[in-house]
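Following the hints, position chain B against chain A.
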Amino acid sequence: MPINATPKDFYFFSELLNRKIYTPEGECLGRTMDLVVDWLEPYPLVIGILARKGFAGPAAFLHWSCIIRIAPQLTFSPSAASVGQMISPGPDTVYLRDQVLDKQIVDTFGAKVVRVNDIQFLHRNSQLRLVHFDVGFRGLMRRIGWESGLAAALRWMFAYEWPDTFIGWKYVHLLSGPGPLQLSVSQKKLSQLHPAELADILEDLSGHDREAIFHALDAETAAETLEEIDDPRLQQALIETVSIDKASDIIEGMSDSDAVDLLADLPQATAREILGEMEKDRAEDLRELLVHPDKTAGGMMTTALLSLSPEATVESALKRWKEEEPELDVLYYIYVVDSAGVLSGVVSMRELLVASAQQRLSEIQTSRLITAKLDAREDEVVDLLTKYGFRALPVVDDQDRLKGAIRLRSVLEILAPSGG
Amino acid sequence: MKTFLKSIADPERPLWKNISLFFLLMGPGIITSNVDNDAGGITTYSLAGAQFGLKLVWSLIPIMISLIVVQEMCSRMGVVTGKGLQDLIREKFGAKITFYLMIGMFLTNMGNVISEFAGVAAGMEVFGVSKYIAVPISAVLVWAMVVKGSYKSVEKVFLVACVFYVSYIITGVIVKPDWGEVLANFIHPNLSLTPAETTMVIGLVGTTIAPWMQFYLQASIVEKGIRIENYKFARWDVIMGSVVVHVVAFFIILACAETLHKSGVQIETAKDAALSLAPLAGSYCTFLFAFGLVNASLFSASILPLSTTYLICEGLGWETGIDKKFVEAPEFYGFYSLMIFLGAGIILLPGMPLISIMYFSQVINGIVLPVVLVFILLLVNDRKLMLHHTNGPVFNTVAWLTTGVMIALTMVLLVQSL
Chain A
0 MPINATPKDF YFFSELLNRK IYTPEGECLG RTMDLVVDWL EPYPLVIGIL
50 ARKGFAGPAA FLHWSCIIRI APQLTFSPSA ASVGQMISPG PDTVYLRDQV
100 LDKQIVDTFG AKVVRVNDIQ FLHRNSQLRL VHFDVGFRGL MRRIGWESGL
150 AAALRWMFAY EWPDTFIGWK YVHLLSGPGP LQLSVSQKKL SQLHPAELAD
200 ILEDLSGHDR EAIFHALDAE TAAETLEEID DPRLQQALIE TVSIDKASDI
250 IEGMSDSDAV DLLADLPQAT AREILGEMEK DRAEDLRELL VHPDKTAGGM
300 MTTALLSLSP EATVESALKR WKEEEPELDV LYYIYVVDSA GVLSGVVSMR
350 ELLVASAQQR LSEIQTSRLI TAKLDAREDE VVDLLTKYGF RALPVVDDQD
400 RLKGAIRLRS VLEILAPSGG
Chain B
0 MKTFLKSIAD PERPLWKNIS LFFLLMGPGI ITSNVDNDAG GITTYSLAGA
50 QFGLKLVWSL IPIMISLIVV QEMCSRMGVV TGKGLQDLIR EKFGAKITFY
100 LMIGMFLTNM GNVISEFAGV AAGMEVFGVS KYIAVPISAV LVWAMVVKGS
150 YKSVEKVFLV ACVFYVSYII TGVIVKPDWG EVLANFIHPN LSLTPAETTM
200 VIGLVGTTIA PWMQFYLQAS IVEKGIRIEN YKFARWDVIM GSVVVHVVAF
250 FIILACAETL HKSGVQIETA KDAALSLAPL AGSYCTFLFA FGLVNASLFS
300 ASILPLSTTY LICEGLGWET GIDKKFVEAP EFYGFYSLMI FLGAGIILLP
350 GMPLISIMYF SQVINGIVLP VVLVFILLLV NDRKLMLHHT NGPVFNTVAW
400 LTTGVMIALT MVLLVQSL
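As given, the protein sequences belong to chains A and B, one line each in that order. Residues in the first sequence are numbered consecutively from 0, following numbering that gives the first Met the number 0. Residues in the second sequence are numbered consecutively from 0, following numbering that gives the first Met the number 0.
So here's chain B without its partners, still in its complex pose:
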């Protein structure tokens, strides 16, 4: 054993070897964060910019710190225990709690799946493709891709397409923002807790620290089989991913704040958002925006239903795996197909408010988040499970603070809406 460790974690190893090892182990964090900027994410950031300008941009800093802390906890748990989050919850908290949590996760994630197909519909409408064509085709495509096992090769295409997020950064720079004002907004946090603002902040947190992503990240870490000696690389992967998410989020908010908010455009649909960028920032921005939306939606639509199905079936102890036949794992295929075709079907109903669906699914994420965080925190601080890899005081403070703030915001919203 000792000798094995030596060959892997050698501090004397040349720099280039360390770097290549990093790229080998990289992935789960980067992929998770790109999936993070899904249809719901892009919509929420756009709305934040369009409705409130740069007023809420400061919140990205605390959200980023929370995201790093939460994702680091999950990946650490994955590495130390070698088990998925749902397995750990089931084993520690028993069948009853797990069952109700799974129902909750199913409903929340169903909302997210619907929002992914809403993203496809909205994005393709900009290119003039009707949702009655785009959504059924993409549903069948996503379903077949995963069931027929060609997903792994397509994943790379999605990942490469994520480079187009650079377009948001370019857009953000082209619109020539007043950088002094941007900085001022970061330095002087400003929140007036009106119902609209409270909802938006919950949505921003919910879309960035989506509950399902924590399950997905931990599962990918486990699947990758990263060992504790190499964990430092996985940690950097998670941190880099979280930073990238927020850079992109910042520029989406900036672009929308500088154009839509300044000219007072009210956006009702994502198509509005894309089209209204055209006169203000050039028509190619419209297409980039729409393309980004479709790519992000398809990317997440391929991951989200599958990861939800895995987590529900594993939590409840059913057979899982796309290498199984239908009769071997009927619940697995049943749930998976239900999520995709129900999600796509709802979008096909006439008169569905696409933007609202995408936005409010993220707000629900934010409301469910503290529940999942409590489970994560109780697990990560369990000495029997994590040995000496439990949380330090700083991590516990940040995570409990996030949990507390989210519960408080939800309460405020609840009281306001009564």
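So that you can see chain A by itself, here it is in the shape it has in the complex:
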């Protein structure tokens, strides 16, 4: 962090909260109730104090440019204001006590949900800027008023320097955020997270916060995140909070096997509506998959794979693969099927890349096939995938016609349930 300041330039929110505010003449104006911050880059700027006299008096907004010093006494002088500096509360205004302190926030660096115990400010050129969120035990003790005592005791007894647990402002997503600007900044931060991390965060949050984050995700990220959530009840609860329109967009973005699992858990009428909003072909595929019982090869498979005829050349196969790549779940294999749809071979991406452009698939395909039947049980599928180390296992019907493929990914949860 490019700040070369002495420690005296830092203030904690806990030091400013409930502090008495005086006029230069020494008259007490009230106590600090809240700090008002303009949520802007590079560091949020404190624009004023919400002060209250007595226990239930009216709250007054004191502009920060009128605060002439913080120590030894917080001093407010109305005449000190220079009009150019005036910033009034706008759409990006955050009330720190009301919206941030003691609330949960998302630490987008550590990818977890934490609670704000204290906030640290940098005091520079008579401006106060928010730099860190304190989420550690030391911050909690500071709030309670035990920090200095405990820190001294630890130093005296164990020569232990009690560390702070700070999160930089840049790595924080507020849950009770203000206007649209803050939201878009935050969305950027969230979209840098891996869907698996987003899923963990959603699982840690509760109620409205969870829904708010989920709604802030675009359909593609939402789909990937939903795939990573293990609890079907939570998946269902989240998808039920968005409109049918968006739900169908999200489910369309999910892999076949996850989409089918989720649709099967939803009330029938709802699932039907969602399917109705989808692209015809995809909805048709999903409807077919829904017929197969869960925990059989048919219920676990995806149909988003590339199947070509034996006569196709390597060049044309690569071209098709590139065109269809965004829609595919199975990327590593191309399945070779004859005109009757019977699976005759498999070509891996590796074989395809080393072959010469004009070779036909029938020349390079592996014809010794390991397949699962539609009604194969879950454990048989897992056995085959792990025994042969395939990335995906083709699924065929009784006449050996290719119906879909099961990805190694979709059995990972069965293999390593504790992996989250």
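Just so you know, not all the hints are guaranteed correct.
Here are a few chain A residues that sit away from chain B, every Cβ distance over 12 Å (derived from the structure) [stated by the list, open to error]:
#1 Leu39
#2 Lys279
#3 Trp320
#4 Leu327
#5 Gly340
#6 Ser366
#7 Asp397
#8 Leu411
To be clear about the criterion: a stretch of chain A counts as covered by chain B if any three or more of its residues have a C-beta under 8 Å from a C-beta of chain B, and this derived list gives those stretches [stated by the list, open to error]:
#9 94 to 102
#10 196 to 208
Mimicking BS3-like on lysine-lysine, the simulated pairs with C-alpha atoms at most 25 Å apart in a straight line are [what the hints assert, rightly or not]:
#11 B:Lys323 to A:Lys111
#12 A:Lys52 to B:Lys383
#13 B:Lys261 to B:Lys54
Don't read these hints as lab results, they were simulated from the structure. Even glycine gets a Cβ: it sits at the ideal position worked out from N, Cα and C.
Coordinates of chain B only, in the frame set by chain A:
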């Protein structure tokens, strides 16, 4: 959104569908109320019957109304905010108040945990098992069950075993009480505010409306993810649970009043209570009583330390969850283990007065209750938080009245003991 709601809350839906939806959403209230009749509860009700006969039985009616109101508020808060009670307290009242409340809750609940292990010890003594064997085994069992994650399956066993509460009802009927007298005691409330009686009433309220249970209930409601459209089912669940608690409580008091109180038996230990039932009500009553005590104690011992740990760690912002590893959530596992092994350890000290421990932990519950009630009331009436689901005047009156009465009783007790 609209269409989703329609599919869930359809008033045209056939009755059987409504009923099945109820069973699907049922649980938190029923489980909470069964945990309510824990070691401390059974002991307090038994002592109430043995010491005062049917004199205090009328108090069950106002206590039941208060319990319904309090639990309804908590479950409503859980449904509307989707957050636990400790989270709401932390967010509204700040770190300082939460910290001291958490210390208070830790000490109170520690007392309750000790009383659960006292229940195991007392119950198993009836079967002739020494507490030095029963308590360590049950402590390790409970600890491992929760940490190793097999609790959810065991919960059903505990719940089914709660059917044995019927034994109290049977006992209560077998002893052939004078129903006219029972009714008279309900109609003519009678309280003389002697120190013993004041303590007993605080204990009765404290064991029935235990502070920790409100945290636990709200957390279960949140975990269950009940939506506001389905809230009416959760409300019935809470009401049914509260009624069941009081039916069982009534019959425990009745059984003990008709046998122990009438024959003037003084009970010093729970074993006394169980054994002295034998000549008066048949020996199987003894065993049922002891079995019920052990089951209730183990059931609560599995829930109480865990729920306390959750509420403290969440209130103070530490990592929680039994799916985390020890290094990820050291405070969580630390607190949990401390509560179980300290609770069990204290019972193992020679000469521990088991009954007194169980009884006075409930009295402390009753003294702490108004504090928690004030927080609940301030939160549930916060329009920013609850929108249009804040309390109506009737609920506010009942809840504030409960708070006031409990503070007054505590004051009376304080003055008397000076």
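The hints, checked one at a time:
1. Leu39: For Leu39 (chain A), whose nearest Cβ neighbour in chain B is about 25 Å away, the distance exceeds 12 Å, so it holds.
2. Lys279: Fine: 21 Å to the nearest Cβ keeps Lys279 (chain A) off the interface.
3. Trp320: holds (39 Å)
4. Leu327: Nearest chain B Cβ is 31 Å from Leu327 (chain A), so the label holds.
5. Gly340: holds (37 Å)
6. Ser366: About 45 Å separates Ser366 (chain A) from the closest Cβ of chain B, which puts it past 12 Å; holds.
7. Asp397: holds (37 Å)
8. Leu411: Fine: 17 Å to the nearest Cβ keeps Leu411 (chain A) off the interface.
9. 94 to 102: Coverage by chain B holds for the region 94 to 102 of chain A (3 residues, Cβ < 8 Å).
10. 196 to 208: holds (count 4)
11. B:Lys323 to A:Lys111: The hint holds at about 13 Å.
12. A:Lys52 to B:Lys383: Holds - the C-alpha atoms of Lys383 (chain B) and Lys52 (chain A) are around 23 Å apart, at most 25 Å.
13. B:Lys261 to B:Lys54: holds (12 Å)
This entry satisfies every hint, going by the numbered hints stated previously.
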